[in-house]
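Peer 1: Chain by chain, the residues run as shown.
Protein chains: 2
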Amino acid sequence: MDKIKRNERIAVLTRILVNEPNRVMPFSQFCERFGAAKSSISEDVGIVDAALREQQLGSLETVAGAAGGVRFRPTGNATGNYAFIQSVADALCDPGRVLPGGYLYVSDVLGDPSIVRRMGDIIACEWYEAKPDFVLTMETKGIPVAMMAANALGVPLVIARRQSKVYEGSAVNISYVTGRGVIETMSLSRRAVKANQRCLVVDDLIRGGGTAKGLIALMDEFAVQVVGMSFVLAQDAPARKPIAGEKSLMHFTGDGETQPLLVHPAIWLQA
Amino acid sequence: MDKIKRNERIAVLTRILVNEPNRVMPFSQFCERFGAAKSSISEDVGIVDAALREQQLGSLETVAGAAGGVRFRPTGNATGNYAFIQSVADALCDPGRVLPGGYLYVSDVLGDPSIVRRMGDIIACEWYEAKPDFVLTMETKGIPVAMMAANALGVPLVIARRQSKVYEGSAVNISYVTGRGVIETMSLSRRAVKANQRCLVVDDLIRGGGTAKGLIALMDEFAVQVVGMSFVLAQDAPARKPIAGEKSLMHFTGDGETQPLLVHPAIWLQA
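Protein chains in written order, with our numbering: chain Z, 1 to 271; chain Y, 1 to 271.
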């Protein structure tokens, strides 16, 4: 194809890299696409990287070596992320969201692409260095945010089920005790993950921590290491033992019925 | 802030627009961000649009009027989309995916962000003109692709459940008969949707069409119109009555046990 101008290359290169976060794309791919020399593409990458960093909209990183190339990571700015999570926390405190039994209606927030996409980016940026091979979630409500985190990390999403399904083949089932003292089951297809992989748990809510411990036990059955956990909402009271490697987006106390509901962004987001 | 150069504006503008498909962003937002005149931003938009169209990576569309601005749509090229769906169809025909009972293991494909993201884009592009207000899916396996379609359409995702949950508040429950003749229930929170909205159904699989009819009946209870349906996989045999407004990505016959499994891209993708 004809050579295209720098302006156009920058638009196309940005579109391709932003679309597949954390995927390392070889320079040769862009050289061929644009009919341009590697030195020109390197310059393009430098311009895009500087512009995105300047505007706190992420960065491009050059990876050396045989499998090298360039990748986009959506690292935002800490102040903006904190303000965003604060705005979600404020919205969740609306008394109209409190349901009978001390539950909070959050399904609309967890299905809003502009919200879960940004949450997924924030979670992914915290766990890039942990190099998870996949994201694990427990059906159902956490799936959208877990999918967006998996997308930002460039790794598959694996969904644990409440019971085994014929269309998932042979499965490992485990029993666990929820924070409310109920015995539940979770199930995962034998094909879903491989031994020695690294797992990041992403889910909507942690209360007593029973489900989280269940997911760790489930991964143990597959000889998979849980390298981190992020929940959208973590209950702080009644006090629960912290789980190692947990970084949730928001913490809350109360239920809006017997006690006032207070939701606030996690302290680590202030960094 | 200081003025930034055209190259840098193009990188930032592309990153922002690609990140939020179908969201109309006012030109004033970019004028302020860049300290640039509207005429400069218009030129930038023209350059990005031409470059993306030339490379068949989507387009920028200018929307006139008070709520006007510019939006990105990920319209790809028909040939590339067909080849992509063909490659997924081929992968699904692997005999190793056939499970006892004539089921197909697809959970890995449905959790792969690079696959469901592109499927979501293809589905969204077919339904932009139908102007859905939200995407509806039935838990669980279709949620990732439905989320990606909702993201590409810039509308919320709504998830119907198999049973009502205390943390979703009061709900509408309906019974429906599956293609296998089993009576099942589906449930949706009263808060999830509003009367007179327009709904796009996105799910992983349609066999007999029982669940699809159930979702239509459920929307009827909310006085919501189903404006279209897209499934990842649609079973063609045994013959089922076509559902109005259905555009699935792949069709299949057989089960790999009693009859050979054949999966092929939908004919409308050839257009």
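Be aware that a few hints might be false.
In this list, chains with the same sequence are indistinguishable; a pair is considered to hold if it fits within one copy or across any two.
Dumping the calculated SDA-like pairs for lysine to any residue here, alpha-carbon to alpha-carbon at most 20 Å [claimed, not checked]:
hint : residue 1 : residue 2
1    : K247      : D94
2    : K213      : L262
3    : K131      : R162
4    : K165      : G208
5    : K165      : E257
6    : K165      : L99
Source of the hints: derived by calculation from the structure; they are not laboratory data. Predicted, not measured: the structure shown is a model, and the values here were computed from it.
Peer 1: Each hint: holds or not?
Peer 2: Going through the hints against the structure:
1. K247 with D94: neither (24 Å within a copy, 39 Å between copies)
2. K213 with L262: Neither, since 25 Å and 41 Å both go past 20 Å.
3. K131 with R162: Classified as neither; 27 Å inside a copy, 35 Å across copies.
4. K165 with G208: Classified as between: cross-chain Cα gap 19 Å, same-chain 27 Å, threshold 20 Å.
5. K165 with E257: Classified as between; 18 Å across copies, 37 Å inside a copy.
6. K165 with L99: Cα proximity of K165 and L99: across copies only (11 Å, versus 31 Å in one copy).
The structure is inconsistent with the numbered hints 1, 2 and 3, although it conforms to all the rest.
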